[in-house]
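Colleague: Take a look at the letters that make up each chain.
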Amino acid sequence: MSGPSGLRIKIMAFAEWRREISPLWLMEGSYRFIPRTIDGYGQMQYVGTELLQRILLFPICAEYEGERIGWTSIYNISDQAVRVRGIYVLPEFRSNGVGRSMVNFAMDLWPAPWKRCFMYARASNIERYKRWGFTISPGHKLRPFEYGEAVNEPGIALMQKDFRGQVSRDQVADSADAPRAV
Amino acid sequence: MNPPAAFISQNIERFGLLGANNVVPDEEEREPLPPCTCEFTKGNHFRFGFDGREFNRRKFPAAKYWAEYGRPSRPHDGFLAEFTRAMSEIEDLYGPVSVSNSGNGLGRTVIAAAKDLGMSIEQITVGITGYPTPPHDEAIPNRHYQITWDEFAEFAVEFCHVAGCSEPWIALEAYHGHVSDRPHIYPVTALSLLSFGRKTSFIHNNSLSDEDIVGPPNWSYIDLEPITAINRWLLACGRKGIAQILRWSPELIAAQFDAEAFRSWLRQASNPPPPSVDAAEWRAKLGSMRSVVQEAYPNLDMRSRSLATSEDPELNGKIQELQRRLRRANPGCLGWQCYPLHRFIERLGIRFDFDFGQTEDTYGYVRT
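These protein sequence lines are chains C and Y, in that order.
Each residue of the first sequence is one higher than the last, beginning at 9 in this note's numbering.
Each residue of the second sequence is one higher than the last, beginning at 47 in this note's numbering.
Derived from the structure by calculation, the hints contain no laboratory data.
A portion of the hints provided could be inaccurate.
[Unchecked claim] If you want a taste of the chain C side facing chain Y, the calculated C-beta under 10 Å gives, among others:
id	residue
1	Ser13
2	Tyr54
3	Gln61
[Stated by the list, open to error] Okay, derived cross-link-like pairs now, EDC-like style, lysine to aspartate or glutamate, Cα gap no bigger than 20 Å in a straight line:
id	chain 1	residue 1	chain 2	residue 2
4	Y	Lys105	Y	Glu137
5	Y	Lys110	Y	Asp97
6	Y	Lys110	Y	Glu85
7	C	Lys18	Y	Glu59
8	C	Lys149	Y	Asp258
9	Y	Lys364	Y	Glu200
10	C	Lys18	C	Glu71
11	Y	Lys110	C	Glu58
12	Y	Lys110	C	Asp170
13	C	Lys169	C	Glu154
14	C	Lys169	Y	Glu184
15	C	Lys149	C	Asp170
16	C	Lys149	Y	Asp407
17	C	Lys169	C	Glu135
18	Y	Lys105	Y	Asp258
19	Y	Lys286	Y	Glu100
20	Y	Lys286	Y	Asp123
21	Y	Lys161	Y	Asp138
22	Y	Lys110	C	Glu24
23	Y	Lys286	Y	Glu406
24	C	Lys149	Y	Asp183
25	Y	Lys286	Y	Glu59
26	Y	Lys286	Y	Glu168
27	Y	Lys161	Y	Asp183
28	Y	Lys110	Y	Glu184
29	C	Lys149	C	Glu161
30	C	Lys169	Y	Asp123
31	Y	Lys88	Y	Glu59
32	C	Lys123	Y	Asp407
33	C	Lys138	C	Glu161
34	Y	Lys161	Y	Glu197
35	C	Lys123	Y	Glu406
[To be verified] If you want the ones that stay clear, here's a sample from chain C, every Cβ over 10 Å from chain Y, calculated:
id	residue
36	Arg16
37	Glu28
38	Glu71
39	Ser86
40	Asn104
No residue lacks a Cβ here, since even glycine has one placed at the ideal position from N, Cα and C.
Given these sequences and hints, build the entire structure.
Modeller: See the structure below:
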């Protein structure tokens, strides 16, 4: 799938993904500790072996002229909701719609009845994600996070967007990387 | 097959957490532990694991920690009756047992139940030279072991290596069973009030941040990886023991959650505090299962007199230093699972007649 001209977005292997997105979490030297999914303050509704039998994880990257320039991931936290985890675009490619294209691609992977997408947004990104159609989840406000001071951020906020994925799913259905449609 | 199930089914082999796209083939792997041949809980209804293996240890840093519970097979009979039944079943299964005298209320609860049943039970007291030793119950046998700090630290390093746990207090608890010649009861679950970072050891409102209330109540039953470290130690040593006494049976767990003391606490704790009360104070008011136990054993002293709750600055300094050493030696062993409370109580066959916050209306349902 392409977003802005020349941009290709695709699913990639988790092993490469965690190494390449590690700067987002200041974990370049310890990327082996990046887990495949995180709970996100009680978001995860699957428990026990459901975690292994029902979660689908799609590590995603954006490529421009053959070079990887952006990364995100998405996984289901219930039979109705998904979570985008990590949105990282190389500094020189920011503000060009790369992140938004990746998130749209990620949400479009999911058929009904998945209908709501969550993310935790750093304070400095909240306005950006509002332009993408996300809103701060009802009743939620900024909360501090582990390395907030290190990245000069006062906190993160839970944001959500209701979506429908049926139309553009067809656009990725013929891609070798795409999950199989129902 | 419903649509989500079909989509998952068609993609799980490639995009599941254990799917071909998401496994890391060149990960350094640790040797598996011997298979589980004993009952840690009744019928091993409580299970834990990492990725696709159960009753085992973490193979690599990013492995997924999980825990599961059985469903009650009958209505519970209240905490006192279920706890007494648990102790009786343990005696039937294992014969004479021992229990740690590590100075916490749960250990004293085990002893009280054993006395009521006329069980043969022995206390194991471990003193670390130079620090206070918890007083033991004079009415039952007590074995006292005195060790130096260096001896304890050496054990903790071995425990950390084998069990994948960098918490010195868990290692000290494990040491009690290590020196016992009986199957041992380790009183370390919910009532120990151990705190790992920002996660409490039992039930947690995810919308309480350190100093603030950041969203509607969202409760989880917390399963911490260190809490099952003793199970892994027992598996490695080929020994029997009870490391989750309060989880012995699904009925015992149901009795705790269905107790009026717990219901009343949860009802209050799920309401926003008055504007004049800050989150730290509000959190401090949140009780624990202690009140459930106290109701069953009203004469029991539930105050902790353990080394783990000591305020001795020298001891705490040593513990912190040891903890740092263990964490360096065994990083990435602090996994946890947040079991959504509404799903947990549903599994236990309990209903609450009050609103306790965010449920599937927010994060969606899971078809079972």
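Colleague: For each hint, tell me whether it holds in the structure or not.
Modeller: Status of the hints after comparison with the structure:
Below 10 Å, beta-carbon pairs count as interface contacts, and C/Ser13 has none with chain Y, the closest being about 28 Å; its hint is therefore violated. Interface restraint check for C/Tyr54: the shortest CB-CB distance to chain Y comes to about 6 Å, inside 10 Å, so the restraint holds. The interface hint given for C/Gln61 is met, as the beta carbon of that residue sits about 7 Å from the closest beta carbon of chain Y, less than 10 Å. About 34 Å separates the Cα atoms of Y/Lys105 and Y/Glu137, which puts this hinted pair outside 20 Å; it is violated.
Distance restraint check for Y/Lys110 and Y/Asp97: the Cα-Cα separation of roughly 5 Å lies within the 20 Å cut-off, and the hinted pair is therefore satisfied. For a cut-off of 20 Å, the pair hint linking Y/Lys110 to Y/Glu85 is broken: about 23 Å separates their Cα positions. Between C/Lys18 and Y/Glu59, the direct Cα distance comes to roughly 18 Å. Compliance with the 20 Å bound is thereby established for this hinted pair. As the CA atoms of C/Lys149 and Y/Asp258 are separated by approximately 10 Å, the hinted pair is consistent with the 20 Å bound.
Distance restraint check for Y/Lys364 and Y/Glu200: the Cα-Cα separation of roughly 13 Å lies within the 20 Å cut-off, and the hinted pair is therefore satisfied. Between C/Lys18 and C/Glu71 the alpha-carbon distance is near 8 Å, which keeps this suggested pair within the 20 Å criterion. About 12 Å separates the Cα atoms of Y/Lys110 and C/Glu58, which keeps this hinted pair within 20 Å; it holds. Taking the CA atoms of Y/Lys110 and C/Asp170, the gap is about 28 Å. The hint is violated against a cut of 20 Å.
For the proposed pair C/Lys169 and C/Glu154, the alpha carbon gap of about 25 Å is over 20 Å, so the pair is violated. For a cut-off of 20 Å, the pair hint linking C/Lys169 to Y/Glu184 is broken: about 62 Å separates their Cα positions. The hinted pair formed by C/Lys149 and C/Asp170 meets the criterion: a straight-line CA distance of about 19 Å does not exceed 20 Å. As the CA atoms of C/Lys149 and Y/Asp407 are separated by approximately 19 Å, the hinted pair is consistent with the 20 Å bound.
For the hint pairing C/Lys169 with C/Glu135, the CA-to-CA distance comes to about 14 Å; that is within 20 Å, so the pair holds. Of the supplied pair hints, the one linking Y/Lys105 and Y/Asp258 is violated, its CA atoms being roughly 37 Å apart against a limit of 20 Å. A distance of roughly 17 Å separates the Cα atoms of Y/Lys286 and Y/Glu100; the hinted pair therefore holds under the 20 Å criterion. Among the hinted pairs, Y/Lys286 with Y/Asp123 is inconsistent with the structure: their alpha-carbon atoms are about 27 Å apart, more than 20 Å.
Among the hinted pairs, Y/Lys161 with Y/Asp138 is consistent with the structure: their alpha-carbon atoms are about 15 Å apart, no more than 20 Å. Between Y/Lys110 and C/Glu24 the alpha-carbon distance is near 18 Å, which keeps this suggested pair within the 20 Å criterion. Distance check on the hinted pair: Y/Lys286 and Y/Glu406 sit about 39 Å apart at the alpha-carbon level, beyond 20 Å; violated. The suggested pairing of C/Lys149 with Y/Asp183 is violated, with an alpha-carbon distance near 50 Å, which exceeds 20 Å.
Of the supplied pair hints, the one linking Y/Lys286 and Y/Glu59 is violated, its CA atoms being roughly 36 Å apart against a limit of 20 Å. Straight-line distance between C-alpha atoms of Y/Lys286 and Y/Glu168 comes to about 16 Å, which keeps the hinted pair within the 20 Å bound. A threshold of 20 Å between alpha carbons decides the hint, and for Y/Lys161 with Y/Asp183 the separation of about 11 Å falls inside it, so the pair holds. For a cut-off of 20 Å, the pair hint linking Y/Lys110 to Y/Glu184 is broken: about 44 Å separates their Cα positions.
As the CA atoms of C/Lys149 and C/Glu161 are separated by approximately 14 Å, the hinted pair is consistent with the 20 Å bound. Restraint check for C/Lys169 and Y/Asp123: the C-alpha separation of about 45 Å exceeds 20 Å, so the hint is violated. Using a Cα cut-off of 20 Å, the hinted pair Y/Lys88 and Y/Glu59 is violated, with the two alpha carbons roughly 33 Å apart. As the CA atoms of C/Lys123 and Y/Asp407 are separated by approximately 12 Å, the hinted pair is consistent with the 20 Å bound.
Between C/Lys138 and C/Glu161, the direct Cα distance comes to roughly 18 Å. Compliance with the 20 Å bound is thereby established for this hinted pair. Simply put, Y/Lys161 and Y/Glu197 have alpha-carbon atoms about 33 Å apart, too far for the 20 Å limit, and the pair is violated. Between C/Lys123 and Y/Glu406 the alpha-carbon distance is near 13 Å, which keeps this suggested pair within the 20 Å criterion. Under the 10 Å C-beta cut-off, the non-interface status given to C/Arg16 relative to chain Y holds; the minimum distance is some 18 Å.
Annotated as non-interface, C/Glu28 keeps its C-beta farther than 10 Å from every C-beta of chain Y; the closest such distance is 14 Å. The non-interface label for C/Glu71 is consistent with chain Y: the shortest C-beta to C-beta separation is roughly 17 Å, beyond 10 Å. With a cut of 10 Å on Cβ distances, C/Ser86 falls inside the contact zone with chain Y, its closest approach being about 3 Å. Separation of C/Asn104 from chain Y is adequate, the least Cβ-Cβ distance of about 27 Å exceeding the 10 Å criterion.
Checked against the numbered hints above, the structure violates hints 1, 4, 6, 12, 13, 14, 18, 20, 23, 24, 25, 28, 30, 31, 34 and 39; every other hint is satisfied.
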